[in-house]
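Asker: Each chain, written out:
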Amino acid sequence: MAEASPSDVTPAEAAAPPVTTYPVQFTGEPGEYFRLWIVNVLLSVVTLGIYLPWARVRTRQYFYGHTWLDGQNFEYTANPVALLRGYLLVGVLFAAYSISQQFQDYWWITGLLGLLFFALYPFLLYRSLRFNAANTIHRGLSFQFVGRPGGAYVAYLLIMLSVPFSLGLTFPLAVWMQRRYLLTHVAYGTTRAEFNKDVGVVYTIFLTAVAVMIAASVVVGVLALVGVVAAGGLGRLDDWFPNGGPEDSVVLFIILGVIAYVLLLLLYASVGQYLRAALLRYSLQDLYLGRTLRLQTSLNPVRLAWINVSNVAVQLITLGLATPWAAIRRTRYLMAHLQVQTIASLDDFQAAATPQESALGEAASEFFNFDLGF
Amino acid sequence: MTDAVHFEAIFFDGLSSRPQPAQATVDGETLVVRPERQEQRYALSTLKVQPPLGRLRRVIRLPGGARLESDDQAAIAQLERRLHQNGRLWAVQRLEARWQAALLSVVGVVLFGVLFVLYGLPALAKAAAALTPPPVLTSLDRQTVRLVDNEYLQPSTLGHARQQQLSRAFRQLAAEAGGPYHYRLLFRDGGRDVGANAFALPDGSVFVTDQLVRLAHSDQEILGVLAHELGHVKHRHAMQSVYSGLGLTLMISVVAGDVTSAATVAGAIPAVLLQGKYSRQMESQADADAGHWLMRHGGTTRPLQDILQRLVAQDEDSKTHSRVLDLLASHPGVEARVAQLKAIEAESGR
Numbered sequence: 001m002a003e004a005s006p007s008d009v010t011p012a013e014a015a016a017p018p019v020t021t022y023p024v025q026f027t028g029e030p031g032e033y034f035r036l037w038i039v040n041v042l043l044s045v046v047t048l049g050i051y052l053p054w055a056r057v058r059t060r061q062y063f064y065g066h067t068w069l070d071g072q073n074f075e076y077t078a079n080p081v082a083l084l085r086g087y088l089l090v091g092v093l094f095a096a097y098s099i100s101q102q103f104q105d106y107w108w109i110t111g112l113l114g115l116l117f118f119a120l121y122p123f124l125l126y127r128s129l130r131f132n133a134a135n136t137i138h139r140g141l142s143f144q145f146v147g148r149p150g151g152a153y154v155a156y157l158l159i160m161l162s163v164p165f166s167l168g169l170t171f172p173l174a175v176w177m178q179r180r181y182l183l184t185h186v187a188y189g190t191t192r193a194e195f196n197k198d199v200g201v202v203y204t205i206f207l208t209a210v211a212v213m214i215a216a217s218v219v220v221g222v223l224a225l226v227g228v229v230a231a232g233g234l235g236r237l238d239d240w241f242p243n244g245g246p247e248d249s250v251v252l253f254i255i256l257g258v259i260a261y262v263l264l265l266l267l268y269a270s271v272g273q274y275l276r277a278a279l280l281r282y283s284l285q286d287l288y289l290g291r292t293l294r295l296q297t298s299l300n301p302v303r304l305a306w307i308n309v310s311n312v313a314v315q316l317i318t319l320g321l322a323t324p325w326a327a328i329r330r331t332r333y334l335m336a337h338l339q340v341q342t343i344a345s346l347d348d349f350q351a352a353a354t355p356q357e358s359a360l361g362e363a364a365s366e367f368f369n370f371d372l373g374f
Numbered sequence: 001m002t003d004a005v006h007f008e009a010i011f012f013d014g015l016s017s018r019p020q021p022a023q024a025t026v027d028g029e030t031l032v033v034r035p036e037r038q039e040q041r042y043a044l045s046t047l048k049v050q051p052p053l054g055r056l057r058r059v060i061r062l063p064g065g066a067r068l069e070s071d072d073q074a075a076i077a078q079l080e081r082r083l084h085q086n087g088r089l090w091a092v093q094r095l096e097a098r099w100q101a102a103l104l105s106v107v108g109v110v111l112f113g114v115l116f117v118l119y120g121l122p123a124l125a126k127a128a129a130a131l132t133p134p135p136v137l138t139s140l141d142r143q144t145v146r147l148v149d150n151e152y153l154q155p156s157t158l159g160h161a162r163q164q165q166l167s168r169a170f171r172q173l174a175a176e177a178g179g180p181y182h183y184r185l186l187f188r189d190g191g192r193d194v195g196a197n198a199f200a201l202p203d204g205s206v207f208v209t210d211q212l213v214r215l216a217h218s219d220q221e222i223l224g225v226l227a228h229e230l231g232h233v234k235h236r237h238a239m240q241s242v243y244s245g246l247g248l249t250l251m252i253s254v255v256a257g258d259v260t261s262a263a264t265v266a267g268a269i270p271a272v273l274l275q276g277k278y279s280r281q282m283e284s285q286a287d288a289d290a291g292h293w294l295m296r297h298g299g300t301t302r303p304l305q306d307i308l309q310r311l312v313a314q315d316e317d318s319k320t321h322s323r324v325l326d327l328l329a330s331h332p333g334v335e336a337r338v339a340q341l342k343a344i345e346a347e348s349g350r
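Chains A and B, in that order, give the protein sequences.
Each residue of the first sequence is one higher than the one before, starting from 1 at the first, in UniProt numbering.
Each residue of the second sequence is one higher than the one before, starting from 1 at the first, in UniProt numbering.
Please keep in mind that the hints were generated in silico from the structure rather than gathered at the bench.
Cβ coordinates follow ideal geometry from the N, Cα and C atoms, glycine included.
Hints are supplied without guarantee of correctness; some may be wrong.
[Said to hold, decoys possible] Rough simulated footprint, nothing fancy, chain A against chain B, three-plus residues with beta-carbon under 8 Å:
1. 30-41
2. 94-104
[Stated by the list, open to error] Some chain A residues judged to face chain B by a derived CB distance under 10 Å, without partners named:
3. G31
4. E32
5. R35
6. L36
7. I38
8. L43
9. W54
10. R58
11. G65
12. L141
13. S142
14. S162
15. D347
Required output: the full structure, derived from the provided sequences and hints.
Answerer: Printed below as a string of structure tokens:
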């Protein structure tokens with residue numbers, strides 16, 4: 001790919017080494033991905049889900065393979081058979097859970113499975129992170145996840161238990177701990193990522209979202225009230241319903257209520273998307289890989305939230321057929337606003353000396369290395 | 001030489017992130033890679049060609065974490081054929097490359113979905129119903145009887161002697177039906193909402209309302225209805241309906257991409273059981289059972305025909321029935337059913 005060459009070399013300050021900025025390029029096309037997607041859907045449906053792991057791997061391969069940095073693309077190398085094992089295990093447990101939920105006399109099974117999932121979730125997440133990192137390749141080197149299961153239990157279980165007791169006040173702290181766990185333990189070859197970010201920013205993001213939510217709810221409520229009062233006060237009700245009685249104002253009230261409800265739902269979804277986009281920006285911006293490389297993002301959380309919300313709307317209208325287009329649209333926006341800045345050559349990363357996966361016995365790692373689709 | 005494979009590639013040695021432009025050539029059973037520095041030789045059997053995907057650059061995994069990346073699609077495809085790798089995924093790749101295949105896939109997905117709901121799901125539900133262990137059926141019956149008594153029906157006002165008399169006849173009927181079920185006949189007052197009705201639960205609990213007993217002109221009519229209900233029990237129709245319902249909910253939630261809500265949306269089975277949504281096929285199977293029982297005990301299917309027609313007439317008189325627990329809501333096409341019963345009688349008479 002000749003087009004993916006270093007775009008600009010910023011003039012260095014006298015003492016500082018020269019900084020090279022590489023744009024991240026995404027070359028996926030909606031039409032091409034639609035064909036991949038619909039064949040995935042067909043084969044998954046016809047094989048009653050057995051093809052799902054292959055579909056998932058091909059989808060990832062497509063998105064990774066069309067992501068370019070400095071003339072080299074990414075690669076996803078997971079073995080679908082390993083995924084199938086994970087899917088089957090989770091599928092069987094989920095089926096047992098749903099079915100046992102239907103029989104009052106077997107609710108102890110439901111409880112046991114729920115508890116088991118709760119207790120195992122951080123461990124499974126940890127396994128999944130390791131699996132996916134090890135299967136992500138760039139420039140001939142694989143990524144690694146070097147976290148420990150204990151860290152996952154702290155960030156995904158212990159701190160989450162405090163959330164209800166603190167009336168949600170520790171939730172942003174939990175989110176920050178989770179991001180830290182995810183990102184500090186990512187390694188590319190021997191080079192570790194560094195996540196030295198302030199938890200205060202996460203609180204600001206959440207406070208902004210809550211403030212927007214409250215303000216917008218008040219606006220919607222006031223508008224609905226003004227609508228009712230104006231319509232009633234100006235005698236408009238009589239114009240709309242010439243031979244109406246009191247029932248008609250009830251009807252009007254219900255219509256306004258429904259409109260307000262839909263607006264609030266939309267608002268809730270939008271604020272949720274904004275929150276996710278802002279946290280993504282927070283995670284990516286100034287993420288360091290070693291001492292020489294950092295990520296920069298110019299993504300606008302409001303714009304990304306708009307893309308996600310409008311994507312869902314388009315998917316609903318097209319009965320899901322626009323799903324591939326929506327995914328490409330979102331990824332294009334994300335990648336177009338991502339840059340890598342480095343003061344060293346991208347050629348100088350080294351492979352980790354011993355691949356971690358060999359620590360476990362071959363059979364055990366074969367069994368445990370599955371992706372659960374988190 | 002048709003099988004000479006030669007291509008330009010980028011070589012990664014698996015130790016560093018440095019791309020090295022290289023020439024690759026297949027020499028007999030060996031792949032020779034010539035990057036700028038040292039030449040590398042790999043036995044062809046140690047290569048793993050990553051599956052093709054669209055116009056993406058091809059990757060060959062080499063031993064020791066090294067890899068070769070190339071844009072020479074034709075050469076890699078040739079190598080792949082020679083190594084007999086990725087045959088099936090090449091078929092998938094060809095499907096993905098064509099717009100005709102994509103459009104046919106859309107049609108295929110819809111068609112398969114419809115066929116699955118019409119034929120696949122009932123077949124799966126039937127298998128699941130047959131495999132359900134008896135203790136589960138017992139547990140379901142207990143749960144549902146509790147719900148029915150709390151929400152829908154009142155204690156019966158029939159005389160004790162009358163109940164005894166019908167129960168005795170029912171026991172004989174049940175003995176003939178057989179199977180691992182706990183058959184019992186439960187008398188209840190249907191009130192105005194449920195009216196004249198009878199329905200069976202999966203483990204053999206059969207409800208009959210006072211209104212139905214009074215609507216019948218003879219015990220044989222009541223026994224015809226009960227034989228019909230035992231047919232549902234014997235063929236596990238109720239469980240089949242439950243599993244179909246669950247499967248449908250699961251399918252919808254998978255399509256909507258919200259699997260986690262499937263368990264909660266499915267709702268309690270007792271409620272599903274009470275809706276008594278049997279298919280025409282199930283009704284006709286239960287009618288056949290009842291018809292044959294009546295032929296053996298009395299030589300005519302007349303009693304069941306009569307009470308069915310009377311139930312329809314009564315239903316048309318009072319439109320106030322609630323649809324839940326309604327025998328007729330789940331028993332469509334009474335003319336066809338009566339015709340089937342007549343046919344059974346004619347056939348046995350011959």
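Asker: Honestly, which of those hints from before does the structure not fit?
Answerer: Those not satisfied are hints 1, 14.
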